[in-house]
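Enquirer: Protein sequence lines, in the order shown, are assigned to chains A and B. Numbered per the numbering used here, the first sequence spans residues 1 to 449. Numbered per the numbering used here, the second sequence spans residues 1 to 616.
The reader is advised that the hints may include incorrect statements.
BS3-like, lysine-lysine: derived pairs with alpha carbons at most 30 Å apart [stated by the list, open to error]:
(1) Lys140/B - Lys186/B
(2) Lys353/B - Lys145/B
(3) Lys403/A - Lys140/B
(4) Lys403/A - Lys555/B
(5) Lys393/B - Lys27/B
(6) Lys585/B - Lys113/A
(7) Lys399/A - Lys480/B
(8) Lys393/A - Lys218/B
(9) Lys27/B - Lys122/B
(10) Lys557/B - Lys113/A
(11) Lys557/B - Lys419/A
In short, the hints are calculated from the structure, not lab data. In this text, all values refer to a predicted model and were calculated from it rather than measured experimentally.
In case you want the letters, here they are:
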Amino acid sequence: MEDTIAAISTAQGVGAISIIRVSGPEAIQIVSKIFSNKKFYDAPSHTIHYGYIMDGDEKIDEVLVTIMRSPKTFTKEDIVEINAHGGIMTTDKILELLLVNGCRLAEPGEFTKRAFLNGRIDLTEAEGVMDLINSKTDISRKIALNQVGGKVSNMISRLRDELAGIIANIEVNIDYPEYEDIEEMTIEKINSNLSELEDKIDKILKESKNGEVLTHGIKTVIIGKPNVGKSSLLNRLIGEDKAIVTDIRGTTRDSVEATLRVDNLILNLIDTAGIRKTDDVVESIGVDKSLKLIDEADLILFVVNYNEKLSDEDLVILDRLKGKNYITIVNKTDLEKKIDDDKLSNVVYVSALNDKNIDEIGNKIKKLFNLEKIETTDLTYLTSARSQSILRKVLGSVKAVRKGIEENYPIDMVEIDLKDIWNLLGEIIGESYDEELLDQLFSRFCVGK
Amino acid sequence: MEYEVIVVGGGHAGCEAALACARMGHKTLLVTGNINNIADMPCNPSIGGSAKGIVVREIDALGGEMGNNADKSLLQIKMLNTAKGPAVRSLRAQADKITYPKNMLKTLEITDNLDIKEALVKDVLTFNNKVSGVLLESGKEIKAKAVILTTGTYMNADIMVGDTRHREGPHGERPSNYLSDNLAKKGFIIKRLKTGTPPRIARDSIDFSKAKREDGDKIYHTFSFNNEPMYDIDKQVPCYLIYTNDETHKIIRDNLNKSSMYGGLSDIKGVGPRYCPSIEDKIVRFSDKERHQLFLEPESLFYDDIYLQGFSTSMPYDVQEKMVHSLTGLENAKILKYAYAIEYDAIYPTQLKFNLETKLIENLFTAGQINGTSGYEEAACQGLMAGINACLKLEGKEPFILRRDEAYIGVLIDDLITKGIRDPYRLLTSRAEYRLLLRTDNADLRLREYGHKFGLVSDEKYERFLNKKENIEKATIEFKEKRLTPKNNEYLESLGTKPLRDGISLYDLLRRPEIKIDDLIKFLDNDYSSEVLEQVSISAKYEGYINKALHEAEKLKSLENKKIPENIDYDAMHNLASEAKQKLKEVRPLTIGQAMRISGVNPADISILTMYMKRG
């Protein structure tokens, strides 16, 4: 852990400048070896210095170098950031010089990892930083920023404090049974407190799901018979901003093939083959394949033709769509209406050809995922899968408490699950067990001989 | 005269330590400042209480004396928390302050291998950082291979009342004036602690008719697994409940600056216990509370003192008079002994190993209040453990360490040496993560085996225990094999439970909350004792929860199996937070599990530690 790491912190190849970040005990020393401005080495923290990156006598680039001394930095270590001119060649050369002079190439996320390990940020915050780095839209950036700022931690802390109150009350009843004037924590009170907790967690989970949708995107599939206009629809959705459709074949998201932005929404398209290729090829994609895709996706855009009656295949697909998030896009409204649309729901009528009503698709998706609210309200969602899975465990323990209560188990048994919940909530914010509960006990209750 | 073990101090820790060593066959000397004060109860007249009562059972299971001695000296006894579940039940007794010490002294005197000497110890003698004996204040040296310090509140003890401070032990006893300074010279970190005791009131000056009477249980209990009850259930002595009032609070507020702790004395260093606040503390910290509970507890059948539980104070005598007289029923009360606060020296417990041996000096053990704990039971169990471990050390055997999932004793010792202390440490059920496993009913099942192995539990008692264990197994099998059918529905409905459609085993039927085990014994072929039936009942009814606790305990074990190399260099781990580094160097945890419990060591520090260990 004591080595010094370096990496190019900006996206490669684009932008007017690129930033190379160096963190670790030798950061300042190593950079000073390749930097022309010799005053830099002894410079005060949080100052910027002008000069050249040198390879021996050769000037590589004209740069601004920021020096930030431990501990008031992102990683709590010494950090140096080199603002270089953006070309890939130059940036790579500078990084190479740093590596030659004693840096190690940082692993993905290693700066954040160090920030976490050095106690600069807690786990949810670390996850927030990762989300921030990966954020693709304005809203997801806002969510990530909130997580970095500890807003999520605060919310979990509040829930946990409430629970600590209940537990401390039970404990004091057990450890000081002779104190008759201390409120007895009864099953009824636990129950009412619990349903409050359950509601709150339910809400966080629901909203987190939406938050997740915003930061990580919606797994989307476009299906429909040949010749209904899927590919032209796709082109309309992409609009002018072609750069945003990126082939990310072979990355970790197994079936995602393209990422598409509609307003502030990220749609991760799965199985684009059927859309991109000519409609002839699409002939080969039958109903079976479509049904399989429906099961895989979070959002289905089901495209039908305004100019045709619904086929038997369409009806099979419609049946399978029940209970799923889907939008029926009736395309080709520029033609004569032949469709029996009384069987359809969640419908948007568009004409891909005339670019008519395409915006409505985005609005419909937002409504579907309840995202309209998110843009305006507080953005406090748990975007990481880890936090969400812990919260689901919390709900499991809440159920266990309820079951215990229902089956008349004594309070010392039921409390086991309460403590479980308390610990799980602590896990989300990475807080360790210490004397917190006892402190609660003695600060809330006046007991003792 | 040369001894194998010298125990310094004759309180609850000292008695257990001395008895354990002598019973394990080692020539032992108990040195005490005053033989008449052996096993004295200088504060509350009770043994047990929540969690503490379970510790007394554990002491008994291991072959210690406290439970047996308490059974002989009861004024009143009850089971606490009966409605809150089996895991938190605990016995609490009022013990007679005259009989209890007398009975203990008798036991000490008839024990082989054990001598008692009245003297004060000035220093621990060492050679090459290993114990060689003790030096008495008289200048005499006594040789020994191991020394166990159980000095209670006597090291540099100061009694504080109002603006006065006197160098003396509890109730005017001679304090130990040199020992802690000499320990400091050897490199021990000494911590100043504080505690207090309430006034004692003359019984016949109290109007009990104005107080609420609190009786003992109407069923028999014993602390010891082997004793038959030695008291008469109908002759138990009652306690009484009263409350403070506005008048009391006003007197305290008006005189607050006269209390030693609130300005009366300016040189207070001792940290008082959170769980045992003085009445001044209660009124200052909980100013919105209109009244506080107080208990009137009898101290003995042989004298008149009534202990005013909940009213410990360091106010001057004249204010104490006013405070006491403001209480309902105590308008004309006569104070026999005034309350006082006491400051004393303890050694900071992270300086100890798991076997209660000091890290600095080999074969030097410490137990009880010197380790920063409070309470007779906490002291006694440490005395027992230190005694056992001193013997094992002399015999060249592995130390005896109880895990947190095995005994409250394990929780206590691990807490002390891993977390250190802020204020005097009291056991609480909430400190035990696996308290469902650490019940009052199963202390023998958890620990009897050990007690027998060390020779502290006689073969005869052990036979009885094995017999009980066998019967539990037999009964469990019978409950699982015997089945009821819809033919029994009439009886079942009379018990208020759902009728059967198919056959069901007695064991499964017992899981129903409304079914009590006594409802089912008529279907059994064999007779079982109530303690055997209790085990079957608890296992059946709480199986799911118990399994959960066992599962958690397994996780603990796996963390405890991750050993940290003894010579690990925390300074080489640059990224450890400085607080964590300092704590890790101080405690030097043996396992990752222990490291995780150190306060100030965060999960991030543990990640760094494990990464470092992996990298080697």
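Enquirer: Hey, lysine 393/B versus lysine 27/B, does the alpha-carbon distance stay inside 30 Å?
Expert: holds, 14 Å
Enquirer: Do the alpha carbons of lysine 557/B and lysine 419/A lie within 30 Å of each other, as the hint requires?
Expert: holds, 20 Å
Enquirer: Does lysine 585/B pair with lysine 113/A here, judged by a C-alpha cut-off of 30 Å?
Expert: holds, 25 Å
Enquirer: Could you grab the alpha-carbon distance between lysine 27/B and lysine 122/B and see if it respects the 30 Å cut-off?
Expert: holds, 22 Å
Enquirer: For a C-alpha distance cap of 30 Å, please report whether lysine 403/A and lysine 140/B respect it.
Expert: The given pair, whose Cα atoms are some 68 Å apart, is violated under the 30 Å limit.
Enquirer: Against the 30 Å threshold, does the CA-CA distance of lysine 403/A and lysine 555/B hold or violate the hint?
Expert: holds, 25 Å
Enquirer: Does the alpha-carbon distance linking lysine 399/A and lysine 480/B stay inside the 30 Å limit?
Expert: Within the cut-off at roughly 29 Å; holds.
Enquirer: Check the hint pairing lysine 353/B with lysine 145/B against an upper bound of 30 Å on the C-alpha distance.
Expert: Given pair lysine 353/B, lysine 145/B holds - Cα atoms ~18 Å apart, limit 30 Å.
Enquirer: For lysine 557/B and lysine 113/A, compute the direct alpha-carbon distance and say whether it is at most 30 Å.
Expert: holds, 29 Å
Enquirer: Please verify whether lysine 140/B and lysine 186/B have alpha carbons no more than 30 Å apart.
Expert: At roughly 20 Å apart (the allowed maximum being 30 Å), lysine 186/B and lysine 140/B satisfy the hint.
Enquirer: For the pair supplied as a hint, lysine 393/A and lysine 218/B, is the alpha-carbon distance within the 30 Å limit?
Expert: Since the Cα atoms of lysine 393/A and lysine 218/B sit roughly 44 Å apart, the hinted pair is violated (cutoff 30 Å).
The structure is inconsistent with the numbered hints 3 and 8, although it conforms to all the rest.
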